[in-house]
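Here the protein sequences line up with chains W and C, keeping their order.
According to my numbering, the first sequence is numbered sequentially starting from 12.
According to my numbering, the second sequence is numbered sequentially starting from 12.
Keep in mind that the hints are not guaranteed to be accurate.
Pairs count within a copy or across copies, as identical chains cannot be separated in the list.
Below, computed lysine to any residue pairings styled on SDA-like, alpha-carbon distance capped at 20 Å [stated by the list, open to error]:
1. K266 x V98
2. K356 x A47
3. K143 x H451
4. K468 x D455
5. K340 x L429
6. K385 x M444
7. K431 x Q364
8. K266 x H90
9. K288 x G196
10. K266 x A100
11. K72 x A47
12. K278 x E434
13. K340 x G267
14. K266 x P103
15. K163 x S99
16. K288 x A47
17. K278 x S388
Hints listed in this document are in silico derivations from the structure and should not be mistaken for laboratory results.
Here is what each chain is made of, one letter per residue.
Protein chains: 2
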Amino acid sequence: MVEMSRRAVMAGGAGLALNPAAGGPAAAAGDAVQPAPEVTRILARYVVEAQYDELPADVRKEGVRTLFNYVGVAVGGSHHETIDIAVSALSPFAGRPQAGLFGRRERFDIMNAAFINGVSSHIFDYDDTHLKTIIHPGGPVISAILAFAEMKPVSGKDFLNALILGVETECRIGNSVYPNHYDVGWHITGTTGVFGAAAAAGRLMGLTEQQMVWALGLAASQPVGLRESFGSMNKSFNPGRAAGNGLFAAILASKGFTSSDRMIEAKRGWANTISTKQDWSEITDGLGQRYETLLNTYKPFACGIVLHPAIDAAIQLRNENQIAPSDVKRIELNVNPLVLELTGKRTPQTGLQGKFSVYHAVAVALIEGAGGEKQFSDRAVLDPAVVDLRAKVAPRVDPGVKPEQVDLTIELNDGRVLSKHIEHAIGSLERPMSDSDLEHKFVDLADGILPAERTAKLMQLCWSVESLGSAGEIAQAGAKPAA
Amino acid sequence: MVEMSRRAVMAGGAGLALNPAAGGPAAAAGDAVQPAPEVTRILARYVVEAQYDELPADVRKEGVRTLFNYVGVAVGGSHHETIDIAVSALSPFAGRPQAGLFGRRERFDIMNAAFINGVSSHIFDYDDTHLKTIIHPGGPVISAILAFAEMKPVSGKDFLNALILGVETECRIGNSVYPNHYDVGWHITGTTGVFGAAAAAGRLMGLTEQQMVWALGLAASQPVGLRESFGSMNKSFNPGRAAGNGLFAAILASKGFTSSDRMIEAKRGWANTISTKQDWSEITDGLGQRYETLLNTYKPFACGIVLHPAIDAAIQLRNENQIAPSDVKRIELNVNPLVLELTGKRTPQTGLQGKFSVYHAVAVALIEGAGGEKQFSDRAVLDPAVVDLRAKVAPRVDPGVKPEQVDLTIELNDGRVLSKHIEHAIGSLERPMSDSDLEHKFVDLADGILPAERTAKLMQLCWSVESLGSAGEIAQAGAKPAA
Numbered sequence: 012m013v014e015m016s017r018r019a020v021m022a023g024g025a026g027l028a029l030n031p032a033a034g035g036p037a038a039a040a041g042d043a044v045q046p047a048p049e050v051t052r053i054l055a056r057y058v059v060e061a062q063y064d065e066l067p068a069d070v071r072k073e074g075v076r077t078l079f080n081y082v083g084v085a086v087g088g089s090h091h092e093t094i095d096i097a098v099s100a101l102s103p104f105a106g107r108p109q110a111g112l113f114g115r116r117e118r119f120d121i122m123n124a125a126f127i128n129g130v131s132s133h134i135f136d137y138d139d140t141h142l143k144t145i146i147h148p149g150g151p152v153i154s155a156i157l158a159f160a161e162m163k164p165v166s167g168k169d170f171l172n173a174l175i176l177g178v179e180t181e182c183r184i185g186n187s188v189y190p191n192h193y194d195v196g197w198h199i200t201g202t203t204g205v206f207g208a209a210a211a212a213g214r215l216m217g218l219t220e221q222q223m224v225w226a227l228g229l230a231a232s233q234p235v236g237l238r239e240s241f242g243s244m245n246k247s248f249n250p251g252r253a254a255g256n257g258l259f260a261a262i263l264a265s266k267g268f269t270s271s272d273r274m275i276e277a278k279r280g281w282a283n284t285i286s287t288k289q290d291w292s293e294i295t296d297g298l299g300q301r302y303e304t305l306l307n308t309y310k311p312f313a314c315g316i317v318l319h320p321a322i323d324a325a326i327q328l329r330n331e332n333q334i335a336p337s338d339v340k341r342i343e344l345n346v347n348p349l350v351l352e353l354t355g356k357r358t359p360q361t362g363l364q365g366k367f368s369v370y371h372a373v374a375v376a377l378i379e380g381a382g383g384e385k386q387f388s389d390r391a392v393l394d395p396a397v398v399d400l401r402a403k404v405a406p407r408v409d410p411g412v413k414p415e416q417v418d419l420t421i422e423l424n425d426g427r428v429l430s431k432h433i434e435h436a437i438g439s440l441e442r443p444m445s446d447s448d449l450e451h452k453f454v455d456l457a458d459g460i461l462p463a464e465r466t467a468k469l470m471q472l473c474w475s476v477e478s479l480g481s482a483g484e485i486a487q488a489g490a491k492p493a494a
Numbered sequence: 012m013v014e015m016s017r018r019a020v021m022a023g024g025a026g027l028a029l030n031p032a033a034g035g036p037a038a039a040a041g042d043a044v045q046p047a048p049e050v051t052r053i054l055a056r057y058v059v060e061a062q063y064d065e066l067p068a069d070v071r072k073e074g075v076r077t078l079f080n081y082v083g084v085a086v087g088g089s090h091h092e093t094i095d096i097a098v099s100a101l102s103p104f105a106g107r108p109q110a111g112l113f114g115r116r117e118r119f120d121i122m123n124a125a126f127i128n129g130v131s132s133h134i135f136d137y138d139d140t141h142l143k144t145i146i147h148p149g150g151p152v153i154s155a156i157l158a159f160a161e162m163k164p165v166s167g168k169d170f171l172n173a174l175i176l177g178v179e180t181e182c183r184i185g186n187s188v189y190p191n192h193y194d195v196g197w198h199i200t201g202t203t204g205v206f207g208a209a210a211a212a213g214r215l216m217g218l219t220e221q222q223m224v225w226a227l228g229l230a231a232s233q234p235v236g237l238r239e240s241f242g243s244m245n246k247s248f249n250p251g252r253a254a255g256n257g258l259f260a261a262i263l264a265s266k267g268f269t270s271s272d273r274m275i276e277a278k279r280g281w282a283n284t285i286s287t288k289q290d291w292s293e294i295t296d297g298l299g300q301r302y303e304t305l306l307n308t309y310k311p312f313a314c315g316i317v318l319h320p321a322i323d324a325a326i327q328l329r330n331e332n333q334i335a336p337s338d339v340k341r342i343e344l345n346v347n348p349l350v351l352e353l354t355g356k357r358t359p360q361t362g363l364q365g366k367f368s369v370y371h372a373v374a375v376a377l378i379e380g381a382g383g384e385k386q387f388s389d390r391a392v393l394d395p396a397v398v399d400l401r402a403k404v405a406p407r408v409d410p411g412v413k414p415e416q417v418d419l420t421i422e423l424n425d426g427r428v429l430s431k432h433i434e435h436a437i438g439s440l441e442r443p444m445s446d447s448d449l450e451h452k453f454v455d456l457a458d459g460i461l462p463a464e465r466t467a468k469l470m471q472l473c474w475s476v477e478s479l480g481s482a483g484e485i486a487q488a489g490a491k492p493a494a
């Protein structure tokens, strides 16, 4: 290792000699090049060539749902303190007002706008999830292309095609390095999201195959995010910066700024440098046939999915039985051990702490019939009725219960006993949220930020994206009109 | 590993439960936290507290030389195709004209200006080198703070203090992970440079200790650069993007955008995620006493240092003996094996290939008495006199010759034999370039870009930075006046 570094120091210059793929003198020095297909080029070719008309109907539909869910969460996060700070910090430096910010009046250049909207979309950890990799695909990709589409009109069909190609790019690259890459500490949404953003934006810019290769190379040079940042504003920073970095890469490549042709797969390229696992077939196999987009899921509840079965059960029992909190004597849950390990907080004091309390989650779901961001607010956590009821929640660990399952039993004061078994919680791949569920989530998130009629129009634009002459209409409808 | 990922998926939410340092539920799950000092905070405190008056004179002097060399190479690279492309690509998106670009008339917002100037400084691989880590310290740090200093006046003393603190930050962090981090594939100038840029810029912005902790955390979230990009424009991209990313981090932190308090040292923080080696003492020991800045070196020749002893010997023999190319019968060199391994190209056809040819380097040095960028141009490589002479260069590998040594013998047609032994080439720590050497390099680089009197003024401003009321004067003098 030391000798390798020494050679690197000595070579200096433009460093060509260090690049075995370039066939320079170093190739003779015994650095074996790992056999890998031309992953970067194969992926680039797919991204520049794939046509909207070739997309299966179910893939298009899931792409539209990904867009719909993204817009809802981005509007929802748009007035969080994190966004106020970022907007205030960047305003003196932003370029021309090319693109809007969800839920706000300010307009920034497309890279800064993509950053802000990407942060907004992740604020509540309520965005979409590609469960195979834990990537949140929408934030990086859609933040980048929606900003671009507002500056330069693109049809809704082209927009949706680019969105899906971006999601395919980031999730396939994520598959190739997951789980090692995530486990060591990378926030995989930020590290792969930059590829997705570059691919999708580059497609809308009309990059050639070679330019797309370079865009992916410049994206590979800008991974974003470490898991240590979880719990701070830096977590939401990551998908936002991935969106901005991806745009930056595509913009430079579009003018001929070069990179290596093998940045993903080379010996000292992205995957070998950033992960101990590389599965090239995950990136290159079945392009245009197997779609990761179909594996995207949407959260019905604004907390970790470990709590979703319990919340789902509580809401169903409430709705089926018109339970009043004062009727409840005791709530018993049989849960997977992860539930208490991750969400065992008995007496949360803040909304954020409430997301780590199965006691709170079940109590507030039974009272309010929901598990949205409002149910994980400081208000909800300190509500006396919720506090009273959570004392009656009695979870019991049962290794026989799978993480996606729960058995919930409510004993009422009148002696009745109500039970609900959940096999797969709402929001899972097996029981996806319906379009109507997504609409309720959207309306709840936009409440207090956009007027109701504007929210309705925005939702309609998202659903009908494929018929829009200009996808930028969605960004315009999602922002507040300038004063 | 898989189980770890599963827990991560399930926790979701704001991810607090995944952060052992936060004392969340996951801490109980058996994830041992590695014992590490509060590296991020210790470093942040040093960066916000260290005073210019406490800097030893030799450290200040080396900081000035670092600045001087940086400005020269940044001017020199400013009209390369790489910069033309980057300026053209980013012009539509840049913000207010807050800062100039070396050697050019355009003005950008400070983040885009820092990017362009950072790229310029690395174009010829002719910038400074911290040999312990192969970091090129000047590019990321000075590009960031000079752009800032043009927007908001800062004294030359404060500027130099920030510059040195930035260099200390990036090189110390580099020491802690080198060589493993570099060997696996990271371009260490880009991955550590973002810390240096954030620290230096944050210092000039007057960040509090806590804000500096966050700035370093946001910097940790944005490493730049892979070695696979060497040989493409993407290599110069890396120090430029590191400069821009560091500014981005400091700007956000200055308004209260938070990160983790332990982003460098936490279990899933920067050093553990990005390297298999972590030596915290390299970061925290001897702050304000041991200065990495003193270890910075400057290249006298525009090629890898493996060639420097041979070029040095050729120039010395030429100057001592007034050798005409036609007098030369044969040139023999005893060289370390690395020389032929890395620079064994016999018949280079382009200037860039010339950097990997010991034959060309010795021939052109003997004819032109220099090894600057002009000697590694297409013109020089195709010059018939150089082509003739390089055929007479006969290197011989000798494992007994150290990489920093050479024995060069010239046999003349009249029978005379001239010899020169180099123990340490010019530009090494043992035989540093003199201020006068740096001036010659600077003038050579600026030739054809800035008028001679402007170059002279610019050099004078750099040498006298400590007495400047506003360090931004340097940036103004280094740009071309707007038309």
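Against the structure, the hints:
1. K266 x V98: Result: close only across copies, 10 Å inter versus 29 Å intra.
2. K356 x A47: neither (47 Å within a copy, 28 Å between copies)
3. K143 x H451: neither (26 Å within a copy, 58 Å between copies)
4. K468 x D455: The answer is within: 15 Å in one copy meets 20 Å, while 63 Å across copies does not.
5. K340 x L429: For K340 and L429, the Cα distance is within 20 Å only inside one copy (12 Å; across copies 102 Å).
6. K385 x M444: Classified as within; 19 Å inside a copy, 65 Å across copies.
7. K431 x Q364: neither (26 Å within a copy, 73 Å between copies)
8. K266 x H90: between (36 Å within a copy, 16 Å between copies)
9. K288 x G196: both (14 Å within a copy, 15 Å between copies)
10. K266 x A100: This pair counts as between: shortest inter-copy Cα distance 6 Å, intra-copy 29 Å.
11. K72 x A47: neither (34 Å within a copy, 49 Å between copies)
12. K278 x E434: neither (44 Å within a copy, 35 Å between copies)
13. K340 x G267: Intra 69 Å, inter 46 Å, cutoff 20 Å: neither.
14. K266 x P103: Between copies only: 12 Å across, 27 Å inside.
15. K163 x S99: Between. Shortest inter-copy distance 18 Å satisfies the 20 Å Cα cut-off; intra-copy 26 Å does not.
16. K288 x A47: Cα proximity of K288 and A47: one copy only (13 Å, versus 27 Å across).
17. K278 x S388: Answer is neither; intra-copy 48 Å and inter-copy 30 Å both fail.
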